Amino acid sequence: MKYLITMLAIFAFPVFADVNIVGTVAAKCVIQTTKSGVYGNPLASKLSTLAADGGVQPIIRYDVALADNYYARITHPDAFTSSPVLNDSVTWTGGTTVSQTSDAAMSGYDAAKVVIGSMTQFDLTQAGSTWFTTASTATYGVSKALPGGTFTAVVRAECIAK
Amino acid sequence: MLSKTLIILLGWASAISAHEMTPAYPDLKPSHVAGVVKAEMSLFNSREEIKYYQIELFDLNWNNMPFSTTYRIMKVGYKERKNFNVYIRKSDLDIATYICTTSKIKRKSGARTLVSSRICSKINGEPR
Numbered sequence: 146m147k148y149l150i151t152m153l154a155i156f157a158f159p160v161f162a163d164v165n166i167v168g169t170v171a172a173k174c175v176i177q178t179t180k181s182g183v184y185g186n187p188l189a190s191k192l193s194t195l196a197a198d199g200g201v202q203p204i205i206r207y208d209v210a211l212a213d214n215y216y217a218r219i220t221h222p223d224a225f226t227s228s229p230v231l232n233d234s235v236t237w238t239g240g241t242t243v244s245q246t247s248d249a250a251m252s253g254y255d256a257a258k259v260v261i262g263s264m265t266q267f268d269l270t271q272a273g274s275t276w277f278t279t280a281s282t283a284t285y286g287v288s289k290a291l292p293g294g295t296f297t298a299v300v301r302a303e304c305i306a307k
Numbered sequence: 017m018l019s020k021t022l023i024i025l026l027g028w029a030s031a032i033s034a035h036e037m038t039p040a041y042p043d044l045k046p047s048h049v050a051g052v053v054k055a056e057m058s059l060f061n062s063r064e065e066i067k068y069y070q071i072e073l074f075d076l077n078w079n080n081m082p083f084s085t086t087y088r089i090m091k092v093g094y095k096e097r098k099n100f101n102v103y104i105r106k107s108d109l110d111i112a113t114y115i116c117t118t119s120k121i122k123r124k125s126g127a128r129t130l131v132s133s134r135i136c137s138k139i140n141g142e143p144r
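In order, the protein sequence lines correspond to chains A and B.
Just so we're aligned: the first sequence equals residues 146 to 307 in the working numbering.
Just so we're aligned: the second sequence equals residues 17 to 144 in the working numbering.
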C-alpha cells in the first residue's frame, strides 16, 4: 500500500507543456524616406535643396537587420522628371553623405563611400540604422532664368544584397 | 515662420515611410512548370505616397532578364504586405543575379525631389 501511494505521488506532479517561441533574424533591408526634399529657388537660374538656398534636403534611412549583407546606393538627380519646357542645358551637382547613425561603428561609412558619377555607394558593414542626406542643385544655362512652373526630380535609393 | 512650419509638417508627414522586401537570399524551389524554378518573395509597403511597385530581374551587369510573375507592376496598398513568386528558367540561373522591386512614383506639384526606392535580393547569394 505504501509503495502504491509513493508511486501515485510521483506521478501526481502537474503536467508541464513547453510552449516554444521561435524567432528568426534574417538579412533584411528597409528603406525609409524620412524626409522628402524641396527645392529652394535662391537665384532665378538655380534650384537647390541646400538649407542656405531655402531648400530641404531629402533624408533616407536604411535599416539592415544583419551586418555586411547589403550595399546602399543613392543616386542624386541628373535630370528633371517633370518640368516646364527648357530650351537650354541644366547643370546638375549633388552628393550624398551620412547624416546620422545608430552605431558608432558606422562612423567610417562616409570615408569609405564610393562615388561613381551621380551615384554614391556605401558598404553597410554594421547592423542598424543609417541616415543619408542627399544634396541636389540644378543651374539653368548661363545664369538664365528658369521658366515658371513645377520642377520635380527623383533621388534613387537602392539597397542591394551582396 | 510659416515656411518653417510647412517644412516641419512636410517632414512629419513622411516620417514613417518604408519599403521592405524579403528574403535577401531567396531559395529557389521547383515550380509547376518543367524547367522553371520559382523564388517566393514578400514586399511590405509603408510608403503612403507609393501604390505600385515594379518587379525586375537582372544579371550581374544590371541587364534586364526574362522572367514571369503575376503582375510585373503590382499594386501594394499602404501598410500592406504582398507575397509574390518570380518564375525563372533553369537555363537562366547561371546569370540571373538580382530580383528587385522598385517604387513607382506619381508626379506631384511643387518644386521638389522625390525618392524612388529599390531593394534587390540576390539569387544564389548567401548570408554572411
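Wrong hints could be hidden among the right ones.
[Said to hold, decoys possible] Quick list of the computed label-pair ranges, beta carbon to beta carbon:
| # | chain 1 | residue 1 | chain 2 | residue 2 | range |
| --- | --- | --- | --- | --- | --- |
| 1 | A | SER247 | B | ARG97 | 21 to 31 Å |
| 2 | B | LYS67 | A | PHE161 | 25 to 35 Å |
| 3 | B | GLN70 | A | ALA210 | 46 to 56 Å |
| 4 | B | ASN140 | A | SER227 | 34 to 44 Å |
| 5 | B | TYR87 | A | SER227 | 20 to 30 Å |
| 6 | B | LYS45 | A | ASP248 | 31 to 41 Å |
| 7 | A | VAL167 | B | LYS45 | 28 to 38 Å |
Don't read these hints as lab results, they were simulated from the structure.
Predicted model only: the values in this text are computed from it and were never measured.
A virtual CB, placed ideally from N, CA and C, is assigned to each residue, including glycine.
Each hint tested on the structure:
Checked against the hint of 21 to 31 Å, the C-beta distance between SER247 of chain A and ARG97 of chain B comes to roughly 24 Å, which is consistent with it. For the pair LYS67 of chain B and PHE161 of chain A, the beta carbons lie near 50 Å from each other, so the given range of 25 to 35 Å is not met. Taking 46 to 56 Å as the suggested C-beta distance range, the pair GLN70 of chain B and ALA210 of chain A does not conform, at roughly 24 Å. For ASN140 of chain B and SER227 of chain A, the hinted distance range of 34 to 44 Å is satisfied, since their beta carbons lie about 39 Å from each other.
About 25 Å separates the C-beta atoms of TYR87 of chain B and SER227 of chain A, a value consistent with the hinted range of 20 to 30 Å. Roughly 35 Å separates the CB atoms of LYS45 of chain B and ASP248 of chain A, a value that falls within the hinted 31 to 41 Å. Separated by about 22 Å at the C-beta atoms, VAL167 of chain A and LYS45 of chain B break the suggested range of 28 to 38 Å.
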